[in-house]
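Enquirer: The lines below spell out each chain.
There are 2 protein chains.
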Amino acid sequence: MSKKYVYFFANGKADGNAKMKDILGGKGANLAEMTNIGVPVPPGFTISAEVCDYYYKHDRTYPEGLKDEVNNAMKRLEEVTGKKFGDVESPLLVSVRSGAAISMPGMMDTILNLGLNDETVKGLEKATNNLRFAYDAYRRFIQMFGDVVLKIPHDEFEEILDEAKKKKGVKLDTELDADDLKEIVEEYKKLYRKHGKEFPQDPWDQLWKAIDAVFGSWMNERAIKYREIHGIKEGDLLGTAVNIVAMVFGNMGEDSGTGVAFTRNPSTGEKKYYGEFLPNAQGEDVVAGIRTPLPLDELRNRMPDVYEQLVQVFETLEKHYKDMQDVEFTIEKKKLYLLQTRTGKRTAQAAVRIAVDMVNEGIITKEEAVMRVTPEQVEQLLHPTFDPAERAKAKVIAKGLPASPGAATGRVFFDPKTAEEEAQNAPVLLVRPETSPEDIGGMAAAQGILTARGGMTSHAAVVARGMGKPCVVGCEEIGIDEEAKLFRVGDVEVKEGEWVSIDGSTGEVMLGKIPTIVPRGLEGPIATLLQWADEIRKLGVRANADIPRDAEAARNFGAEGIGLCRTEHMFFEKDRIPVVRRMIVAKTVEQRQKALDELLPMQKEDFKGLFRVMKGYPVTIRLLDPPLHEFLPQEDEQIKEVAEQMGISFEELKQIVEDLKEFNPMLGHRGCRLAITYPEIAVMQTKAIIGAAIELKKEENIEVIPEIMIPLVGHINEIRYLKQFIKETADKMIEESGVDLKYTIGTMIEVPRAAITADEIAKEAEFFSFGTNDLTQMTFGFSRDDAGKFLKEYVEKEILEVDPFRILDRTGVGKLVEMGTKLGRSTRPNLKVGICGEHGGEPSSIEFCHMVGLDYVSCSPYRVPVARLAAAQAAVKHG
Amino acid sequence: MSKKYVYFFANGKADGNAKMKDILGGKGANLAEMTNIGVPVPPGFTISAEVCDYYYKHDRTYPEGLKDEVNNAMKRLEEVTGKKFGDVESPLLVSVRSGAAISMPGMMDTILNLGLNDETVKGLEKATNNLRFAYDAYRRFIQMFGDVVLKIPHDEFEEILDEAKKKKGVKLDTELDADDLKEIVEEYKKLYRKHGKEFPQDPWDQLWKAIDAVFGSWMNERAIKYREIHGIKEGDLLGTAVNIVAMVFGNMGEDSGTGVAFTRNPSTGEKKYYGEFLPNAQGEDVVAGIRTPLPLDELRNRMPDVYEQLVQVFETLEKHYKDMQDVEFTIEKKKLYLLQTRTGKRTAQAAVRIAVDMVNEGIITKEEAVMRVTPEQVEQLLHPTFDPAERAKAKVIAKGLPASPGAATGRVFFDPKTAEEEAQNAPVLLVRPETSPEDIGGMAAAQGILTARGGMTSHAAVVARGMGKPCVVGCEEIGIDEEAKLFRVGDVEVKEGEWVSIDGSTGEVMLGKIPTIVPRGLEGPIATLLQWADEIRKLGVRANADIPRDAEAARNFGAEGIGLCRTEHMFFEKDRIPVVRRMIVAKTVEQRQKALDELLPMQKEDFKGLFRVMKGYPVTIRLLDPPLHEFLPQEDEQIKEVAEQMGISFEELKQIVEDLKEFNPMLGHRGCRLAITYPEIAVMQTKAIIGAAIELKKEENIEVIPEIMIPLVGHINEIRYLKQFIKETADKMIEESGVDLKYTIGTMIEVPRAAITADEIAKEAEFFSFGTNDLTQMTFGFSRDDAGKFLKEYVEKEILEVDPFRILDRTGVGKLVEMGTKLGRSTRPNLKVGICGEHGGEPSSIEFCHMVGLDYVSCSPYRVPVARLAAAQAAVKHG
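Protein sequences, first through last, are from chains A and B. Going by the numbering used here, the first sequence wraps up at 879, each residue one higher than the last. Going by the numbering used here, the second sequence wraps up at 1879, each residue one higher than the last.
So that you can see chain A by itself, here it is in the shape it has in the complex:
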């Protein structure tokens, strides 16, 4: 028995169904499904995509039996329509369309009215009683067939048409009468001959040529390109199916028409039908845009019965597909036909609202609702966006990496200090070759940040995302001249103070001021959806926050604690940096201790602020991490200034700066290595953390769960050594205070050796937090400050699928995360394991964290909602 290749549908019964997209394509499967559920669909049949697969594997030939199956299907189609293919009295006409499992719009044009020829056109005239209509259909068919099937240039058909209109002195096609169209038909035939071809009068010949053309189109340049762009690989799809459907006409008078509709508002999500309708028209007329379509409501006025039927169809479809549908329909003489249905595209706002509404309507479950919204859509809801109309007019002058999403507009300033001052007058945009921790003030004050260098995890990118601030980095096209206070892109010169806008979601840089729309935050449907996500997810979600303001934002967005508080950010504050510098240049332990004593109360206050906001939630505090040189000025000019402030000589400070310079600071004297050299720093920080916790408990009766995190541990002895100092200091303070306070000591896993020897390290560490930024750097051997140059190329040359600093590399870095987690828990079964790198807020990475059994993810406050959703989706997907 030969395989089944043709799937028929008519009169409420179809061979196929919606689950058969792989072989019937999206369009064919849904036509079958609609037929089955009683939605009015013109009868027809689908040739399976398996035929397409066979076609290319067998030198563009068809499998045995296909011809017979098609013949049979056509015979059945004649039966159900009561017409006959090629019949002069009552000709059966069909449309022929492609349709793959994944929608590939524009891959191939549609052929309508197939079956017409010099004889059948007369039958059509009789059936419609409209000579002009019949010849117009014939004229259109010949043109489409020539263009799509025989590749006769479309323009040449248009020329003939234009010529005819010119001759007659009219402007619109509709002004041509039947005779004109008859003449054009003859001219078209001549055009065929001019190209060495003949318009086939035999409908069967037409049909097979059209089928050949559809299968052939699967490998045309446009289709290949489309699949390439959309990451559809060979083997993902069998090929395209071919849908052959009896023609229905919306252009048979005022009781006919055509339209498109959404079952809900795709922009707002409102539960209200939304669509357009054009009376006495065919689909292509809507597209052509010659006439303005009417709103769907108008249909209710004109054909209330049809409208009622359409509404019934909407209800049926939504209940059946459990999602908002995007449909095409045609009304032929008051008879409604659905030509297509598919899940409707929607805005972020609509996606959330529809998902929540559908749960409330009992259509879908909470789990399904959570899967309906993408993390990107949640993100879109949280960042300001440009007013689309204004944006369309803007001039894009350059494009960098989209480092932190959102729209920002402001006057450009190149110096962080000036930017900070100017921000008090009007919005500013900070433009820098790259940023450093000293620029933090300017960054905080700016609407957005634009840098010429750096990658997705450069300082600018990380800080901006932490601040929820739009940021474009690595925009190498902008040549910054800091001295002249301007940047240049080609001929364009942008001077300090001029307005520029950046789109952190696309990386685009635009001239001028573009108004933005502010998100409404976590209110309404999104808040509901994320509550459901919280019920479903197994991963905890914390935030990376260093100051109370960020911590508050994190709480508002639903964070359940702080997964990473970077204490060094506190060291950069204006009133602290001089003390920090005195600590660094100290020549004796005593001098250093004196500076540390001054820092202690300030740090304690910092922690009290954080703990107060995070009442009852755990707070992970990382001890000082960056190399000391980051706290000192680097340029002679600044060194001179700072030396003067500190009362030491330029030469002395310069020497210290030189001594602290490193070839590879990333792999240098930082992290726990600092604390091992200067345990007194760790002791001071412990005093500040524990002191803050004790005081809050005593003074305000606030519970605090401090988790002291030692960074950059690669060997068990590092944590063992420092733990002594920390424990001794903390335990003594707690004992003396009489307060009941629990704290834990753990480590970041960010050096590959830590992951590899995690069984050892877990003997000392009470928790792990994967610092996947550094872990990615060291596992790949990529410096994130330098890799921008070649990473772009790597992605272009398909050496890497994605930037591993953006999406966790599961095969390499991920293997270390998994190994570290397993090894750590082999020693300490209850080891708490989290992630606090940038990946903690990235959906695919979050999914991976769920899969390897981490306890929580921690990300910047503005990514907390995204993380909540992604964590829930991972739980739904993987259980």
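Hints in this document: simulated from the structure, not taken from any laboratory. We treat Cβ as the ideally placed atom computed from N, Cα and C, and that holds for glycine. Where hints are given, some of them may not hold.
As the list claims (entries may be wrong) - Result set (SDA-like, lysine to any residue): computed pairs, CA atoms no more than 25 angstroms apart in a straight line:
hint, chain 1, residue 1, chain 2, residue 2
1, B, Lys1485, B, Gly1512
2, A, Lys654, B, Lys1654
3, B, Lys1654, A, Glu318
4, A, Lys792, B, Asp1855
5, A, Lys151, A, Tyr54
6, B, Lys1797, A, Leu660
7, A, Lys594, A, Pro433
8, B, Lys1661, A, Glu658
9, B, Lys1661, A, Asp636
10, A, Lys189, A, Ile211
11, A, Lys797, B, Lys1763
12, B, Lys1013, B, Lys1057
13, A, Lys335, A, Glu318
14, B, Lys1661, A, Thr110
15, A, Lys225, A, Thr110
What the hints assert, rightly or not - Stretches of chain B that chain A covers, calculated by requiring three or more beta carbons in the stretch to come under 8 angstroms of a beta carbon on chain A:
hint, region
16, 1615-1624
17, 1783-1795
Please arrange chain B on chain A, whose structure you already have, making use of the hints.
Expert: Okay, now just chain B, sitting in the frame of chain A:
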């Protein structure tokens, strides 16, 4: 039944034997062993170290039954000696000594003549017929007992002795007569009383106090410190044993004496007895150095029978212990007694000679011989060393890290160019803050290299070891003033041209010219021993060599191929660097191609040179690895100069230099990342490699086995991408040439991700070579250029046992090596796996490579002999 704690030995029969060192200690076990094999030993017994263990675990008490066992042993000792402990007529005297399983010289003094008191001293007088001797023995015993057992300060005894001599107006102890000594005995007793103590007249009391003292000494400060220094951990040893042996006296006249001897020459290894002899003397007299001992030959003249007996003992001991022995003996009235035997310490030269001779003499196997020589000894044989006499006089002014062993002396120069010129006149020593690839000429010309910065694997250290040149790095005490052309250490100022010497084995820097002794290379016994090593080892040994001269050295030292040829070293040659620079500044592919075309014939000649030397052996060639900025000048002055030479503007070159600067060059645009950006470089290098091989085959009929190695691969797609270019180029050339040439393409595993995903990478790589320098850097997150600062501290604070750049970190980096090897072979069972990092020449690391099943190690040419030995030792140890 109670445990046995006391082991008796006498008259050819002992309870213990040499294998029982753990409980009897080295001394006790060997006394038992000698007794068993018929060597004359005074009778005695050993109290097991288990008692020491018990003693400390039970609050300094003894196990039940010990007292009885000791009493019994003393009774047996009385029986075999025919004397009685505490007897006035014929008193039994004993010595009491400590002795642990590992020799701990100086842990405790010996107590001799125990058993003497006011009565027994008279018995001794009778037995020896020598009043003075008897009281001298008594005087010595009281002093020793007071000092060692009762902790009465040694000086106070000496004061009494000095006072007596002063009173009598004599200078030497021997000038005191019996009456003087009697008086001193009384004074000593008073001294005891002054310290609130009483000299115990009861010999049993003396004995137990002495035993207490020995066990007590196990935990004295000196012993604890000793164990700490020598890395002996708690639990390694049970404790010390106590040896109680009947006294024999070498000071009973001219027919008595005492001596020490080696069964072979410990300095040269010559098979000739070697020792010293002092007639009429006790052991301590030899140590005191009052009289000059006679050579052993003199014994033959004076007491030929005793000499003959001693020679017999030597033969017996060597045959029995199968190694050269270091013995102590005493002759009491022509009767020979061996008091101790142990394996003799020896020089490197002697070690090798003895091992080889003993194989030839049929005493030991080749495997045993290979285990007898340490890799350090082989190393010592290969590097020049200072003349020890001259060295002793030299003034050490500073100490750095011992980066490359050997002695070097020369006039200091700070500028590599000047050093190179001056080297033509007289030896020079290159002194630099640190070295860079541009200094290579000066380094090659210098006798040795001294740097102020950098660690064990800094550029200077690596290159120096590669050259087999002494080198001291990281000598931070030397303040170099390059402008003034001098360096300062404290008050000492060393100007350009002044003589300085460095010891690359200790890191010491000395003033002045110290003559050196040149090694004889691989001739004589060492050559034989290493041939045996070759028969035994399973690991292949290759060398890292970039030029024919080094390759020749490698071959002479026994390398079986080149495991790493760094092609960039060829790029630094004077005639190439301008072309390389033109390649770098090229703005178009065409310009770059032009420069590459110029480089091609030069590289081809380089490879021909290497291949010619390595005829028939595999040669692994690594494609260009370092970041491009290393080839460009960095200082403005030099940039100006080079720009002029290149005919481009200063600004242009400066800009290029700036653009190439990286924050972390270690993790930057280098290795295969370069070739991915500029595949034309890899293509040029392939052409040079394959072209050289083809030409050599055609012109000289030399077989070449090129292995093309792609550096820094971290992702399979990197090697996949480059392999296309390389294979296409190579295969085309081979086909066109008509020559039958096989080549392979593999990768270095030096990025952690490569080891973790080795199963993937092995799909493309035909061989792996672990680049453990970089792998260590990235696995630990230590920049070797910067880590010097804190690594020293890490070792001091015992966070790391050793510098992981020197000895492969088995737990972390080693785990990656093992994982990479296993994963790689899971994909490609015949994958050839080697190591080419600095660890390839380090014995412990080589052992690890053997254990994880690597195919070969590759190291600098001068370490090849060490590697051959270490590989053989690993094979003997682990099979």
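Enquirer: Verify the proposed pairing of Lys1013 (chain B) with Lys1057 (chain B), using a straight-line Cα cut of 25 angstroms.
Expert: violated, 32 angstroms
Enquirer: Next pair to validate is Lys189 (chain A) with Ile211 (chain A); report whether the Cα-Cα distance is within 25 angstroms.
Expert: Satisfied, since the Cα-Cα distance of roughly 21 angstroms is no more than 25 angstroms.
Enquirer: Between Lys792 (chain A) and Asp1855 (chain B), is the straight-line Cα distance small enough, at 25 angstroms or below?
Expert: violated, 37 angstroms
Enquirer: Measure nothing beyond the straight line between the CA atoms of Lys797 (chain A) and Lys1763 (chain B); if it is 25 angstroms or shorter, mark the hint as holding.
Expert: Distance ~19 angstroms between Lys797 (chain A) and Lys1763 (chain B) Cα, so the pair holds.
Enquirer: Hey, Lys1661 (chain B) versus Asp636 (chain A), does the alpha-carbon distance stay inside 25 angstroms?
Expert: Given that 25 angstroms is the threshold and the Cα spacing comes to 19 angstroms, the pair holds.
Enquirer: Is the straight-line distance between the alpha-carbon of Lys335 (chain A) and that of Glu318 (chain A) 25 angstroms or less?
Expert: holds, 21 angstroms
Enquirer: How does the region 1783-1795 of chain B fare against chain A when you require at least three residues with a CB closer than 8 angstroms, holds or violated?
Expert: That given contact holds, which follows from 8 residues of the region 1783-1795 of chain B lying within Cβ reach (below 8 angstroms) of chain A.
Enquirer: Holds or violated: Lys1661 (chain B) and Glu658 (chain A), Cα atoms, limit 25 angstroms.
Expert: holds, 17 angstroms
Enquirer: Take a quick look at whether Lys1661 (chain B) and Thr110 (chain A) sit within 25 angstroms of each other, Cα to Cα.
Expert: violated, 56 angstroms
Enquirer: For the pair we were handed, Lys225 (chain A) and Thr110 (chain A), check the Cα-Cα distance against 25 angstroms.
Expert: holds, 19 angstroms
Enquirer: Under the criterion that the straight-line Cα-Cα distance not exceed 25 angstroms, is the pair Lys151 (chain A), Tyr54 (chain A) satisfied?
Expert: holds, 24 angstroms
Enquirer: Holds or violated: are the alpha carbons of Lys654 (chain A) and Lys1654 (chain B) at most 25 angstroms from each other?
Expert: Answer holds: Lys654 (chain A) to Lys1654 (chain B) is near 24 angstroms, not above 25 angstroms.
The structure is inconsistent with the numbered hints 3, 4, 7, 12, 14 and 16, although it conforms to all the rest.
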